[in-house]
Amino acid sequence: MSNNIVSRLKRKKIQEVIATGKRMDGRELLEFRELEIKTNFLAKAEGSAEVRLGKSHVIVGVKAGVGHPFDDTPDKGVMMVSSEFTPVAHPTWEPGPPNEASIELARVVDRGIRAAEVIDMSKMCLISGEKVYLIFVDLYVLNYDGNLIDACSAGAMAALNTAEIPVYKVTKGKVELTDKTKKLKLGAQPIAITVVKIGNDLIVDPSADEEEVLDGRITITVDEKGTINAIQKRGAVGFTVDEIKKCINIAKEKTAEIRAIALASK
Amino acid sequence: MSKTKKKSSRKKWTRVDGRKVDELRPITIETGVIPNADGSAYIEMGRNKIVAGVYGPREMHPKRLSKPNRGVLRCRYHMASFSVDPRRSPAPSRRDSEISMVMTDAIAPALFLERYPRSVIDVYIEIIQADGGTRCASINAAAVALADAGIPMKDLVASCAAGKYDKKIILDLGDYEDKQGDSDVPIAYLPKLNEVTLLQMEGKMTQKETEKAIEMAIEGCKQVYEIQKEALKKKYGMVDEAATAEEETPEEPIEEEQKPEEENKK
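Protein sequence lines correspond, in order, to chains A and B. What the first sequence shows, in my numbering, is residues 1 to 266, in sequence order. What the second sequence shows, in my numbering, is residues 1001 to 1266, in sequence order.
Treat the hints as calculated values from the structure; they're not laboratory data. Certain hints may be false.
Chain B regions said to be covered by chain A (calculated; three or more residues, Cβ under 8 Å) [claimed, not checked]:
no. : segment
1   : 1150 to 1159
2   : 1213 to 1222
Not close to chain B: a few residues of chain A, all C-beta gaps over 12 Å, as computed [to be verified]:
no. : residue
3   : Glu-28
4   : Ala-188
5   : Glu-257
Heads up, the beta-carbon is just placed ideally off N, CA and C, and yes, glycines get one too.
One chain only, chain B, in its complex shape (with noise of 0.2 Å):
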């Protein structure tokens, strides 16, 4: 990647890979690939390779995190040594903490968490290489092993970023238009509620592209949704759309209402 020159020419503009503007990397997304874990999905996001792998709800260790009246997602974002160039220190940093915990609140607003009490939902990403968009894959890879996981969910949260390069908006930066270019925007996205759950930017946009990649994003999410659903389907040998039993929606819309007054009773 280092080494790809900058391609803007007067009469065609084109991405550094050809792709088009609001064109996604290629997105291939498994299934089951950790067996001990209770659910777990390998995604490949262009030249991101990631893996998660989520265990719960379980007990949670240690007790005085928990909570009382509801379950905690914890969510690990970590990258291998080896999944950058120069290699880095296999040490948590200060930008992995922070992904893990805007990851988690990407991921937590798709979930029944009132449903278990003391308990967690662990959900551990481990980058194995890297190439722009992490944060995006990860939540991708994320959600679609929490549905593998069986644990029941509102929705699955597909994630992926837009931002601008060489004066355009574009979608899904690659590494080298994340270096070079000058804005970032991730999102991540409940597309069935229409809901921004994850939102970060950094560098210089004025109001109107902001919102035009934030836009734009939200398109890239909902290509991203199907993959992650055929994904699930492949595994569970589902070809029917109106039956995605691994969603696991519940039948009764009934979580909101219910809620308070369980917690009356307590």
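With the rest of the complex left out, here is chain A (with noise of 0.2 Å):
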């Protein structure tokens, strides 16, 4: 994401045109680009979103399965989240194991998922501390222009509001595939909103550009009833507490307008 070099240029004139309120591609500072979400587009797939945010590109898989709980938590199903960065999505992103901001993003999405239980665990369990429901959320990302948590947290939604999953029953101690399928029931919808610092300003949906000279960052993660599920903040510098309030407000507005375009698929 961040290959660091960005002519200094570049960097002023992005910097300049958002403290005059503007952006480089005429939106305004708390504007999203077109956000397009297209949900079960892969049949191999028990959940799938392809969402294109502006030019920023991911594919969204869920897959279910069966296997052993962790044993801390032997009455409750898994769910992972995890990302790929292909190669093709940019110029300076090389084949090999996840980065760090791969990781990051994973477990962002992750984490606003598992606070919120949309998910409830304890009902995906078939033989307890033995064999559990996994349920498996894969964000590839295939172009990259900015702004990937919020892409695909909204995509993972998605794919999580149309996925059906197996049917397995357990007969003598057995645990067996049946020929039906089942909707997730989910208990809450949040959806991840990135409030970008450049200078003084906050703007939201970052694209690559903005995203490589922002300041700092901070990401939240807001479910229907409005609670907050999740927090991350990057980003070498400070944040003052108003400004904390503000991104809180800014998120909060947000996430219904996109959390409306990631269940109107459903």
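Fit chain to chain and form the complex, with the hints in mind.
See the structure below:
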């Protein structure tokens, strides 16, 4: 994400334009690019979503299976979010193990979904301590143009809302696959909104260029009731408490807008 | 800890360890604990036991990670295999990488990294025993270790968490409160600059509760700050509060004004 070499001219120009209340692509400071989400477009995945946010392009796949629970939660199913930065997505991205940005993306999206208790994991147990449902949410970035966290968070919720997972049954202590499927019952609809600080201004939905020159950012995940589920601050600058409160207000406002799009294809 | 029962009676609400809602766990900080390091600190915050060591500013290896115009702060947070129960693999986890990242963001704003082109300041954190709030305790130790290394700082970074447990907002969650509680908000704070440099949150809280937790955590940070200063004074035999040389705030508030000129010259 941050290749850290941006020409000084470009950096200065972006900062100057934002200071006047406009952006390089003509947007308002608190305006998202066009967000398009198409769901259930993959036959082999239990749930899927294709997200286009401006030129950022992400595919979310939900797969379900059966496996061992974690030792400390023997009665609970397992949900895992992981992300792949595919090398096609950006000239500087290379194949290899997940880098820091990729780990953060997956963990921030995961944290929002987990903290909001979107899936009731205690209902995803088949045989205590032995067999539980595993739900994998995998985020594949196909083209990077900024704001992956928000795109992936919306995509993950869209995919989970439309996912139909195979039903397993337990007969005589053995887990068997049935030919039925069921929709996941979702307990909340959290959506992450990233507010970016450039100079003294706060903007949302940064493009790749804006992400390279940002001073700091705060991602706030809010559910449909306005409950805050997760916050993540990044960037080597400080925020005042007032700025943090402003960010929370912006996120609360924007989250409704993005949630409506994410759930439109439900 | 695992056998402790949640104590909540109608008559009197007390915390698991008997603390007041806004009371920190006992903190002791010792400096200069690693003779080979340029600066080091050992912190006990409750039952957390953490060592922080600083090397640098020194030449960056591998060289491709160095920056031509500024220094790089590199924090590595690592948990010892025996620091938690059950034993964990000593290989760095996704969690470790993420904490290393947010710690770097939390501490960097306190340093004058523009003064060290092509160099790196390495901060190594080893968690010897974990008891909830390790990232905050680590930041506290790292800040003291950086000051101990004689690295000029704008301010010490103080850190502590607040969160929601049993419907109450409480300060500095211990391991049990962290795991059984509703949410956790770790904060790092620069008291002199009045800026929040680490902000994360996970759980379920309203906007009001979140803001209250942030404000409570900041008050906690201010108490931690005093303990950090005491630890440094003790090592350097200073009693006079006015002359805290170990903070080494440069006298001229130059940095911001001079930087652009320096950059233009290059």
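To see whether the hints hold, each was checked on the structure:
no., hint, in the structure
1, 1150 to 1159, "violated (count 0)"
2, 1213 to 1222, "holds (count 3)"
3, Glu-28, "23 Å, holds"
4, Ala-188, "9 Å, violated"
5, Glu-257, "17 Å, holds"
In summary, the structure is inconsistent with hints 1 and 4 from the numbered list given earlier, while agreeing with the others.
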